[in-house]
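S.K.: Each chain, letter by letter, is given below.
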Amino acid sequence: MQKKISKIPFKGTAEQEEKLKAVIAECKGDKSKLMHVMQQAQGIYGYLPYEVQVMIAEGMDVPLEKVYGVSTFYAQFSLSPKGAYNISVCLGTACYVKGSQKILDKVCEELGVQPGECSSDGMFSVEACRCIGACGLAPVFTVNDEVYGKVTPEEIPGILAKYRNG
Amino acid sequence: MYRAHVLVCGGTGCTSSDSPKIIEALEKEIAAKGLQNEVQVVRTGCFGLCALGPIMIVYPEGCLYSEVKVEDVTETVEEHLLKGRIVKRLLYSETVKAADIKPLKETNFYKKQHRVALRNCGVIDPENIEEYIAMDGYQALAKCLTELTPEQVIQIVKDSGLRGRGGGGFPTGLKWSFTAKNEADQKYVVCNADEGDPGAFMDRSVLEGDPHCVVEAMAICGYATGASEGYIYVRAEYPIAVARLQKAIADAREYGLLGKNILGTGFDFDLFVRLGAGAFVCGEETALMTSIEGNRGEPRPRPPYPAVKGLFGKPTTENNVETFANVPQIILNGPAFFNSIGTETAKGTKVFALGGKITNTGLVEIPMGTTLREIVEDIGGGVPNGRKFKAAQIGGPSGGCIPAEYLDIPMDYDNLTSIGAMVGSGGLIIMDDSDCMVDIAKFFLNFTVDESCGKCTPCRVGTRRLLEILEKITSGNGTMEDLDTMEALCYYIKENSLCGLGQTAPNPVLSTYNRFRDEYIAHVKDKTCPAGVCKKLMKITIDPAVCKGCTACARVCPVGAISGSVKQAHVIDQSKCIKCGACVEKCRFGAISKK
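For the record, the sequence lines run as chains A and B. By this note's numbering, the letter at position 145 of the first sequence is numbered 145, and the numbering carries on one by one without gaps. By this note's numbering, the letter at position 334 of the second sequence is numbered 1334, and the numbering carries on one by one without gaps.
Quick list of simulated restraints, FRET-style, between CB atoms:
| id | chain 1 | residue 1 | chain 2 | residue 2 | range |
| --- | --- | --- | --- | --- | --- |
| 1 | A | Gly-99 | B | Asp-1185 | 50 to 56 angstroms |
| 2 | A | Pro-157 | B | Glu-1468 | 30 to 36 angstroms |
| 3 | A | Asn-165 | B | Asp-1268 | 57 to 63 angstroms |
| 4 | B | Glu-1481 | A | Ser-120 | 44 to 50 angstroms |
| 5 | B | Asp-1270 | A | Asn-144 | 32 to 38 angstroms |
| 6 | B | Glu-1293 | A | Phe-10 | 25 to 31 angstroms |
Hints in this document: simulated from the structure, not taken from any laboratory. By construction, the Cβ of each residue, glycine as well, lies at the ideal position given by its N, Cα and C atoms.
Next up, chain A with everything else stripped away, as it sits in the complex:
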């Protein structure tokens, strides 16, 4: 799947850079920890912009091409920033059979975005995800860490409003 690469300028802080450097220092000798460093970096910055990938490549002493290769291979790594509220709709089999496609369609319709995009105000981003393992609650979606189970499309506007009105 082609990844969306953000054109938003990089706005990393010195504090974030400090944290990333500490992670790199800890893992430097072991190249098999590249993915671990990238996961930590995504935790620090929220995504993996070009500038961060350069820092990782230089810090871990691996070619940038390899960092880019890994970041585009795995679904978890994002090259675009997420919204303040990231909505993940589960499209695992159990959820799909219970109608999660309709949930995803409704969320996208309400926010006017496509899966993988962020709303223009930066508030919501939407993505389809693989099974999160809560199959007993299908269909399921998450807003950041909050899980909504057994949802119907009719409930979506109400749930979104809750976050909009903060």
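Using the hints, position chain B against chain A.
M.R.: Structure of chain B alone, referenced to chain A:
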């Protein structure tokens, strides 16, 4: 000593529906009533009956309270824990009897289950190593290290008949013996916890509910094969499992059950956790090892097999979580114990993740050879909403479907393969007559196209072409030749792909095409979707004889496709209709149908 124990499920399903808040409220309420020295609250792993979560079991009575809410806590503590009166309205409906409660073991959901891999899930506190030890934990490891030679351990596993539970079904003891006989300065044990099948969650539940059994089994495997280090590759999407696993490893180290000179026997073994990052192909053993090494998770050709050249180029044994979870029990109780369960060619039990259109969604562990009918009708409680069972999809994106005429087939590796399906990882999704089989095939193909790593052409290009054909069929543009091309392409991809992902990717298509050919033909020839799922083939019409002209449908239509005046039959303009179905739901007279 506590006089009562309250077990609350801390698995992912119940955690998502607020079980942590229930635990918090329980502890607060129990303290408020001064019962903290009499009643213990334990957060356990998954009980299996996820459909009714959050679940809480109170012992000594063994009452299963289902769909508990935070608001119910005060009443439960007051009535049950203080006054000893069971709160009947919260009991799992099947356990409610006139005078007494029916024991859980006698309910349909649990009666036919036989828990070996899941035996501690929902029983012990997974974050407490002493509870695991109290359930004979680490005794199997001690027995291996002090009483058995590595060869004897392998022989026991061989004799038990245990086969890989991750999909391949390869005999586990044999796999171990391959690594054991290769000499090397370093060998590895790898646990595949990259549960990629969307709809299977048994590995997650084992790691969440009983992480120590995997740690112990990996140490046993290390002893048997001569490895001193192990890696567990687990999905990053399972944060609870990762946290409990890390705690289990740290605790085991502290107790001297991992690390140098384990139990004073001179055996060294240590474990490390590596997180996946969302790539289905990493469930394939060589891709998984490439990923642990910090690369794009692309598979490599075999031979050389991992037993010769695996992780970091060293001999490696790789098994999945459920396979490992069976090992300590086999060592402790002997091969005959395991051997006596199951069928001629498949021994022991298998955990299935039951989902989709079924009343009791959840996790079930049953002896190999149980029929699908028993799983669906007895354990699963049947198909809800008065619908009819149509097929069970088993094995996820690599598997196939089992139609109703095979409901009585005993489920084991060989039987399922013979009907074009597979045990796979054990994801079992039940579908009813409102599910379109072409759409399901398309769903899985979409998945494999996304997840194909791109290394070999048959898989990268072939699956995409296959998906295009399916899209053509479901949008009403398919021809009979397309069906022939589709079938030929399926076999081509199967025969020429490098790894298991590509070799099995066409299975959902082939299996649905072989079992439900008339549905494919209906899409192609009649341009209709019999189940009414494929939007582009759907037609929504108003029956003029039933329509009362209430105008409700015209008002709800988002595109203004419905016209008609009050008390006159309404009509849908098919060129405008976007088939959203809003009018169907709005009509109070059942006059609007979609076909």
